[in-house]
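Produce the entire structure from the sequences given, and follow the hints as far as they go.
Number of protein chains: 2
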Amino acid sequence: MKLHEKPVMPKGFKCTSKNCGIKNGGGDISIFYSETKANAAGVFTQNKFPGAPVILGREIIKNGSLRAIIVNGKVSNVGTGNEGIENARRMAMAVSKEFDIPQEEVIMSSTGVIAKQLPIETIENGVRGISRNLQDDPIIGARGIMTTDTYPKALSTSVDEAVITIVGKGSGMIEPNMATMLVYIFTDAEIEVPVLDSMLREAVSSSFNMLSVDTDTSTSDTCIVMANGLAGKVDEELFLETLKFACVEIAKMLARDGEGATKLLLANVLGAKSDQEARFIAKALINSPLIKTMAYGGDPNIGRILMAVGKCVACEIEPEKMELRINDKLVYLEENKIDFDEKEVRNLLSGDIVGITVDLKLGSSSATAYGCDLTEGYIKENAAYYSS
Amino acid sequence: MKLHEKPVMPKGFKCTSKNCGIKNGGGDISIFYSETKANAAGVFTQNKFPGAPVILGREIIKNGSLRAIIVNGKVSNVGTGNEGIENARRMAMAVSKEFDIPQEEVIMSSTGVIAKQLPIETIENGVRGISRNLQDDPIIGARGIMTTDTYPKALSTSVDEAVITIVGKGSGMIEPNMATMLVYIFTDAEIEVPVLDSMLREAVSSSFNMLSVDTDTSTSDTCIVMANGLAGKVDEELFLETLKFACVEIAKMLARDGEGATKLLLANVLGAKSDQEARFIAKALINSPLIKTMAYGGDPNIGRILMAVGKCVACEIEPEKMELRINDKLVYLEENKIDFDEKEVRNLLSGDIVGITVDLKLGSSSATAYGCDLTEGYIKENAAYYSS
Numbered sequence: 001m002k003l004h005e006k007p008v009m010p011k012g013f014k015c016t017s018k019n020c021g022i023k024n025g026g027g028d029i030s031i032f033y034s035e036t037k038a039n040a041a042g043v044f045t046q047n048k049f050p051g052a053p054v055i056l057g058r059e060i061i062k063n064g065s066l067r068a069i070i071v072n073g074k075v076s077n078v079g080t081g082n083e084g085i086e087n088a089r090r091m092a093m094a095v096s097k098e099f100d101i102p103q104e105e106v107i108m109s110s111t112g113v114i115a116k117q118l119p120i121e122t123i124e125n126g127v128r129g130i131s132r133n134l135q136d137d138p139i140i141g142a143r144g145i146m147t148t149d150t151y152p153k154a155l156s157t158s159v160d161e162a163v164i165t166i167v168g169k170g171s172g173m174i175e176p177n178m179a180t181m182l183v184y185i186f187t188d189a190e191i192e193v194p195v196l197d198s199m200l201r202e203a204v205s206s207s208f209n210m211l212s213v214d215t216d217t218s219t220s221d222t223c224i225v226m227a228n229g230l231a232g233k234v235d236e237e238l239f240l241e242t243l244k245f246a247c248v249e250i251a252k253m254l255a256r257d258g259e260g261a262t263k264l265l266l267a268n269v270l271g272a273k274s275d276q277e278a279r280f281i282a283k284a285l286i287n288s289p290l291i292k293t294m295a296y297g298g299d300p301n302i303g304r305i306l307m308a309v310g311k312c313v314a315c316e317i318e319p320e321k322m323e324l325r326i327n328d329k330l331v332y333l334e335e336n337k338i339d340f341d342e343k344e345v346r347n348l349l350s351g352d353i354v355g356i357t358v359d360l361k362l363g364s365s366s367a368t369a370y371g372c373d374l375t376e377g378y379i380k381e382n383a384a385y386y387s388s
Numbered sequence: 001m002k003l004h005e006k007p008v009m010p011k012g013f014k015c016t017s018k019n020c021g022i023k024n025g026g027g028d029i030s031i032f033y034s035e036t037k038a039n040a041a042g043v044f045t046q047n048k049f050p051g052a053p054v055i056l057g058r059e060i061i062k063n064g065s066l067r068a069i070i071v072n073g074k075v076s077n078v079g080t081g082n083e084g085i086e087n088a089r090r091m092a093m094a095v096s097k098e099f100d101i102p103q104e105e106v107i108m109s110s111t112g113v114i115a116k117q118l119p120i121e122t123i124e125n126g127v128r129g130i131s132r133n134l135q136d137d138p139i140i141g142a143r144g145i146m147t148t149d150t151y152p153k154a155l156s157t158s159v160d161e162a163v164i165t166i167v168g169k170g171s172g173m174i175e176p177n178m179a180t181m182l183v184y185i186f187t188d189a190e191i192e193v194p195v196l197d198s199m200l201r202e203a204v205s206s207s208f209n210m211l212s213v214d215t216d217t218s219t220s221d222t223c224i225v226m227a228n229g230l231a232g233k234v235d236e237e238l239f240l241e242t243l244k245f246a247c248v249e250i251a252k253m254l255a256r257d258g259e260g261a262t263k264l265l266l267a268n269v270l271g272a273k274s275d276q277e278a279r280f281i282a283k284a285l286i287n288s289p290l291i292k293t294m295a296y297g298g299d300p301n302i303g304r305i306l307m308a309v310g311k312c313v314a315c316e317i318e319p320e321k322m323e324l325r326i327n328d329k330l331v332y333l334e335e336n337k338i339d340f341d342e343k344e345v346r347n348l349l350s351g352d353i354v355g356i357t358v359d360l361k362l363g364s365s366s367a368t369a370y371g372c373d374l375t376e377g378y379i380k381e382n383a384a385y386y387s388s
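Residue numbers (the working numbering), protein chains in the order written: chain W, 1 to 388; chain E, 1 to 388.
Rather than coming from a laboratory, the hints here were simulated on the basis of the structure. Worth double-checking, as some hints may not be accurate.
Identical copies look the same in the list; a pair holds intra-copy or inter-copy alike.
To be verified - List time: in silico SDA-like cross-link candidates among lysine to any residue, alpha-carbon distance up to 25 angstroms:
1. LYS252 with GLU335
2. LYS18 with LEU333
3. LYS321 with GLU59
4. LYS321 with ILE55
5. LYS6 with GLN103
6. LYS74 with LYS361
7. LYS380 with THR148
This is the structure in structure tokens:
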């Protein structure tokens with residue numbers, strides 16, 4: 001499986017973005033549009049303070065079909081009560097009117113500051129006439145959903161005659177517990193809704209639910225898939241594998257572009273007693289501030305990895321069995337044998353990708369988690385986010 | 001209850017510290033000594049990669065009595081296998097010989113880099129003759145156990161005729177799961193071992209187990225109490241209350257001096273359904289990188305507090321009931337009413353102490369957690385800790 005060199009929208013999908021005046025500069029509104037009705041499935045944040053778009057989105061997705069997605073930046077419409085629900089509805093209504101499609105086939109997302117009302121009239125004005133600017137390039141749509149991302153994220157891959165394209169954003173407040181911040185998946189494959197829904201859940205489980213930038217679970221996490229069927233039926237097993245591959249690839253892009261990040265952090269846990277324990281430990285590794293700063297500094301302080309494995313007190317771990325690799329190089333062996341050259345480990349940690357592999361040698365379960373280093377850039381970005 | 005203006009060692013306790021050559025400068029070895037046999041209790045890290053001193057310490061503390069504690073810095077003697085156990089034993093042996101006390105009444109702690117063998121001969125040489133330098137000032141002992149702490153931490157308080165003195169260190173890799181990094185409690189009160197043990201556990205639960213600098217649970221957390229009885233019996237109920245008070249006070253000192261920290265972060269959760277949920281949410285608040293950076297920047301991004309409460313998906317939370325206060329000022333009310341002035345909140349966040357109070361209005365359980373802000377200083381400290 002591989003990615004297309006340049007992402008494209010699958011047949012029948014278009015997108016557009018613009019600055020409608022919510023932000024001082026850059027795109028602040030995006031629309032993704034299917035020329036025909038598309039089967040759809042979605043998963044949302046489990047945060048108990050979900051945004052108005054998530055509350056409504058859960059209802060809308062039950063219909064199993066969508067024509068359009070609208071996304072705004074700067075204000076997330078979370079913690080905004082009934083006024084927030086009404087404003088989210090007005091976003092869908094504006095798109096319904098502009099594109100002449102049923103309101104219940106429009107889903108909305110908002111990202112940005114929590115506990116602030118949406119400038120709904122600015123958005124409504126921005127939507128007016130936007131249907132004249134639909135484009136084939138998913139990067140244009142990706143650009144309008146960026147917040148602190150440093151570049152727009154989109155990718156495409158193929159299954160049989162069909163294309164899968166994913167557009168996403170991440171950056172901060174990212175430890176999704178169902179889906180990532182905002183990820184939209186478009187395909188022209190023909191797939192029934194229940195199958196699409198279960199494929200989405202399986203792909204999310206091994207990609208976005210194994211991603212963390214900063215342990216903070218957003219109130220707006222949303223992952224939607226739309227399948228308009230224009231490319232006909234596909235091998236469903238292959239489709240699922242390809243979808244999983246593509247979701248992991250975009251998860252890596254989101255991790256690597258985490259706020260202030262300079263490196264991609266990969267944690268592989270092997271030989272765990274259960275999948276649940278493998279996932280828990282892999283997450284603990286990529287979330288440890290001391291591992292994240294070690295990766296940033298390229299400091300050969302690999303003992304911190306032992307600490308982070310060991311702090312998973314509910315998991316089965318036998319210290320004297322464990323082996324540890326940094327980018328495939330063994331550095332800590334069975335029987336608690338410390339075996340590494342500081343200079344060599346410093347060298348291994350100096351690249352763009354830091355891979356940590358922990359083999360617990362207790363069972364056959366494994367998991368991989370995706371994260372990034374922790375740098376002054378994260379602090380700078382978040383000490384004044386509200387004000388910027 | 002109040003602290004003494006200046007900490008003192010209780011009757012019959014002495015301490016000393018020195019540089020024995022493990023570190024380039026500053027104290028790297030401390031000894032705390034009781035002139036008579038003291039009843040003792042202790043709790044240790046639950047990290048599954050415990051250090052050799054923790055493995056031995058758990059056995060030693062079962063005897064219920066201690067005469068001395070030895071502590072070294074720079075190397076933590078963790079992940080070091082049988083050689084590490086042997087080195088920890090040699091530390092106790094050196095003290096036993098120097099002070100002419102039974103080896104099984106000496107407990108040892110080590111703090112510093114993980115997965116590195118202890119320079120045991122340097123320590124043995126350092127202990128030789130150290131008994132000639134015993135002092136009454138706990139700050140001298142506190143100085144020898146510092147790692148990245150910016151100042152030595154000790155405090156004293158009184159119960160009846162008895163004194164309670166606590167010496168501690170914290171700073172990084174701090175989210176204790178039984179006790180904090182290194183905390184030693186000395187008292188001349190007369191208290192039986194089982195009572196002392198249960199009092200210690202209760203005090204630890206509301207203080208060190210509610211403290212987090214960076215979510216990373218050390219492999220060396222140790223909290224020991226020694227009671228030599230020289231001041232006679234005390235009112236045990238009052239002793240427990242005073243011990244809890246003193247442990248919270250030192251926990252606050254450890255939080256406020258977290259690596260790179262500029263502010264103390266207090267999270268109070270009220271009206272929770274259970275103590276467990278109150279504790280869990282309070283911990284989530286002080287551990288959220290986005291709240292920590294908000295506190296650092298004094299940025300009025302209070303929506304992040306809603307996010308951090310909401311991400312506790314296993315807890316009962318009703319968004320429309322919750323109230324939120326910053327330093328006692330209501331900013332978010334029932335029915336999702338956003339009600340704050342940005343300038344005022346900026347002002348509330350500008351002080352040395354940021355207090356967050358969340359009232360869930362669902363039950364009668366409450367908890368308080370202690371943390372600090374997240375700054376560039378933490379990154380700087382930890383990107384090159386091994387190498388510094």
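Verification of the supplied hints:
1. LYS252 with GLU335: neither (34 angstroms within a copy, 39 angstroms between copies)
2. LYS18 with LEU333: So LYS18 and LEU333 fail the 25 angstroms test inside a copy (54 angstroms) and across (35 angstroms) alike.
3. LYS321 with GLU59: Intra 49 angstroms, inter 23 angstroms, cutoff 25 angstroms: inter-copy only.
4. LYS321 with ILE55: between (47 angstroms within a copy, 17 angstroms between copies)
5. LYS6 with GLN103: Classified as neither: same-chain Cα gap 32 angstroms, cross-chain 70 angstroms, threshold 25 angstroms.
6. LYS74 with LYS361: For LYS74 and LYS361, the Cα distance exceeds 25 angstroms both inside one copy (47 angstroms) and across copies (31 angstroms).
7. LYS380 with THR148: Both. Shortest intra-copy (12 angstroms) and inter-copy (23 angstroms) distances satisfy the 25 angstroms Cα cut-off.
Checked against the numbered hints given earlier, the structure breaks hints 1, 2, 5, 6 and satisfies all the rest.
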